[in-house]
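Novice: For reference, the chains in residue letters:
2 protein chains.
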Amino acid sequence: MTMKAFQDYYADNFAHCYGCGRLNEHGLQIKSYWDGEESVCHFKPKPYHTGGFPGNVYGGIIASLIDCHGAGTASAAIHRYLGKELGAREPIRFVTASLHVDYLSPTPIDASLELRGRVKEIKGRKVIVAITLAARESVCATGEVVMVQLPDHFSSRNR
Amino acid sequence: MTMKAFQDYYADNFAHCYGCGRLNEHGLQIKSYWDGEESVCHFKPKPYHTGGFPGNVYGGIIASLIDCHGAGTASAAIHRYLGKELGAREPIRFVTASLHVDYLSPTPIDASLELRGRVKEIKGRKVIVAITLAARESVCATGEVVMVQLPDHFSSRNR
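Quick mapping for you: the protein sequence lines, in order, are chains A and B. Going by this note's numbering, the first residue of the first sequence is number 513, and it counts up by one from there. Going by this note's numbering, the first residue of the second sequence is number 513, and it counts up by one from there.
The set of hints was computed from the structure by calculation and includes no laboratory data. Built from N, CA and C at the ideal position, the CB exists for glycine as well. Check before you lean on any hint, since a few could be wrong.
Unchecked claim - Listed next, the in silico SDA-like pairs over lysine to any residue satisfying Cα-Cα at most 20 Å (straight line): (1) 632(B) to 543(A); (2) 543(B) to 554(B); (3) 543(A) to 560(B).
What the hints assert, rightly or not - Taking CB as the label site, the calculated pair distances span: (4) 567(B) to 592(A): 27 to 33 Å; (5) 633(A) to 516(B): 42 to 48 Å; (6) 664(B) to 638(A): 54 to 60 Å; (7) 623(B) to 525(A): 20 to 26 Å; (8) 635(A) to 524(B): 36 to 42 Å; (9) 599(A) to 594(B): 33 to 39 Å; (10) 662(B) to 523(A): 40 to 46 Å.
Turn these sequences into a full structure, and let the hints guide you.
Specialist: Right, dumping it as structure tokens:
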């Protein structure tokens, strides 16, 4: 049995996101999963995801990974908070209200990147997720996203 | 005569950035220019730069545009601050220390996007740039980047 990623539960017509849409053939197609209380995502950059300095990952790709892993984590977390895991109903979806990234050290492009998310706050329709991005077990960037839950009809298959 | 963009002054071996490298055929290849005291960049998203919600631009692309327009603006601004425009010497390059984006409203994917940068602070090796991103004359996102100047040998052709 293969475990389904958070993003695999998104309805088809909302699965074209450049960062995490499984149906966007040009996109990053990230996959996020629970690992206990944390969410985890592994991503192998392409050679053309380079930043201005050879050998390092572009900061905009790092921001993108943090954005989409944060959105997926918010969705999975609200389901868990409500007592139902993803898949038990039409997934509750979020939009990013704000994104913050601190770049701590260059991120090597030839490494597998590991993102780990932790829910800092759930309040009303808002979920705040703190994220670390590591390569070779060294944290290269940290991020925080503020996600806001959309009304149900925005993420329904029948919209 | 065609005006050269900030990014056109970057040395070839530092011109592969996914966001602004003129030599990255897979990348966004953004171009930034002065418009008086502000820097400006126009970008036409591709259809596959969609976010999770059809018709809108992906937040990670918006973060990428803000990151690279901010880096280019920091470079151009430090040259101007030192009394020499870009092109008068090997360009001084920057890396992103932090990136913050506030997403104010959905950004239509079928519009030309206009980013405008304004230098908030130049202090030592640090330049802070505030950026707005607008579509059809309506600001959809605002951002702020903290850029740190690299030592000269990092951006030299002879490195």
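Novice: Against each hint, give a clear statement of whether it holds in the structure.
Specialist: Structure-based check of all given hints:
1. Distance hint between residue 632(B) and residue 543(A) is unfulfilled; the C-alpha atoms sit about 37 Å from each other, more than 20 Å.
2. Annotation: proposed proximity of residue 543(B) to residue 554(B) holds, straight-line Cα distance about 7 Å (limit 20 Å).
3. Taken as a hint, the residue 543(A) and residue 560(B) pair is honoured in the structure, with Cα atoms around 18 Å apart against an allowance of 20 Å.
4. For the hinted restraint 27 to 33 Å between residue 567(B) and residue 592(A), the CB-CB distance of approximately 30 Å keeps it satisfied.
5. Distance hint check: the CB atoms of residue 633(A) and residue 516(B) are about 46 Å apart, consistent with the given range 42 to 48 Å.
6. At about 45 Å, the beta-carbon gap between residue 664(B) and residue 638(A) misses the expected band of 54 to 60 Å.
7. The given range of 20 to 26 Å is respected by residue 623(B) and residue 525(A), whose C-beta atoms sit roughly 21 Å from each other.
8. In this structure, residue 635(A) and residue 524(B) break the distance hint of 36 to 42 Å, their C-beta atoms being roughly 49 Å apart.
9. Remark: the range hint 33 to 39 Å for residue 599(A) to residue 594(B) is contradicted by a beta-carbon distance near 58 Å.
10. The given range of 40 to 46 Å is respected by residue 662(B) and residue 523(A), whose C-beta atoms sit roughly 44 Å from each other.
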